[in-house]
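K.L.:
Spelled out, the chains give:
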Amino acid sequence: EAQVTQNPRYLITVTGKKLTVTCSQNMNHEYMSWYRQDPGLGLRQIYYSMNVEVTDKGDVPEGYKVSRKEKRNFPLILESPSPNQTSLYFCASSLPQGKPQHFGDGTRLSIL
Amino acid sequence: AQKVTQAQTEISVVEKEDVTLDCVYETRDTTYYLFWYKQPPSGELVFLIRRNSFDEQNEISGRYSWNFQKSTSSFNFTITASQVVDSAVYFCALSEGNSGYALNFGKGTSLLVTP
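Note that the protein sequences, when read in sequence, are chains A and B. According to my numbering, the first sequence is numbered sequentially starting from 1. According to my numbering, the second sequence is numbered sequentially starting from 1.
Hints in this document: simulated from the structure, not taken from any laboratory. Note that the structure is a prediction, hence the values are computed from the model and not measured. A virtual CB, placed ideally from N, CA and C, is assigned to each residue, including glycine. It is possible that part of the hints are untrue.
[Stated by the list, open to error] Computed spacing ranges between beta-carbons, pair by pair:
no. : chain 1 : residue 1 : chain 2 : residue 2 : range
1   : B       : Ser-42    : A       : Asp-38    : 15 to 21 Å
2   : A       : Ile-12    : B       : Lys-70    : 45 to 51 Å
3   : B       : Val-14    : A       : Pro-39    : 22 to 28 Å
4   : B       : Gln-2     : A       : Ile-12    : 18 to 24 Å
5   : A       : Arg-9     : B       : Phe-47    : 19 to 25 Å
6   : A       : Lys-18    : B       : Glu-56    : 47 to 53 Å
7   : A       : Lys-69    : B       : Glu-56    : 37 to 43 Å
8   : A       : Lys-65    : B       : Asp-18    : 32 to 38 Å
9   : B       : Ser-42    : A       : Leu-11    : 15 to 21 Å
10  : A       : Ser-110   : B       : Ser-42    : 28 to 34 Å
11  : A       : Thr-15    : B       : Thr-78    : 44 to 50 Å
12  : A       : Thr-86    : B       : Asp-18    : 19 to 25 Å
Given the sequences, and given the hints that come with them, work out the whole structure.
P.N.:
Dropping the structure here:
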């Protein structure tokens, strides 16, 4: 089954404790991205990757890191999480050039 | 500046009513793509439709229809004979080549369909 898998689905943690949200897709998509969803603000892109070893900032990259060492994986790293990063996070993948993005089920992060 | 505007924050209708969700976008690209996604209460994002800037044909899929008008920079979504299962947040999004084809989402319209 074609899917984008995020882990964990839920996480409560404390300020400053490094965490990684994994994202994996099995559709051989070149394009992957991370979004965060906040009430009243909709979905905003954090980082995206056009292909392996090619990543770029989205609209709200501060406090986040990503890497794309393999085509299927695109982890989101919070080196020193803060409460303002409490949010619902979505990973997505697609073929290039404006093709529909397929989203994971979301990861709800709470940073205390 | 917001590139996609969904002016309706919340809409409430009674089952079987028709409802139109508005989407206005802003771009200088000649090649771009427009999307609608649905987010039901369970939280996942479901792709509904994609349109490219060169195809202004309206589209109908069952009870769903989309009206793309470049002259007014609008891509409106109509649900005919709404059902309770249509209750969700609906997002319109724009993808442009000069931003790496990232999805710029509107803030969403929350649709509540009551029996």
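K.L.:
Hint by hint, where does the structure go against what was stated? Just the numbers, ascending.
P.N.:
4, 8, 10 and 12
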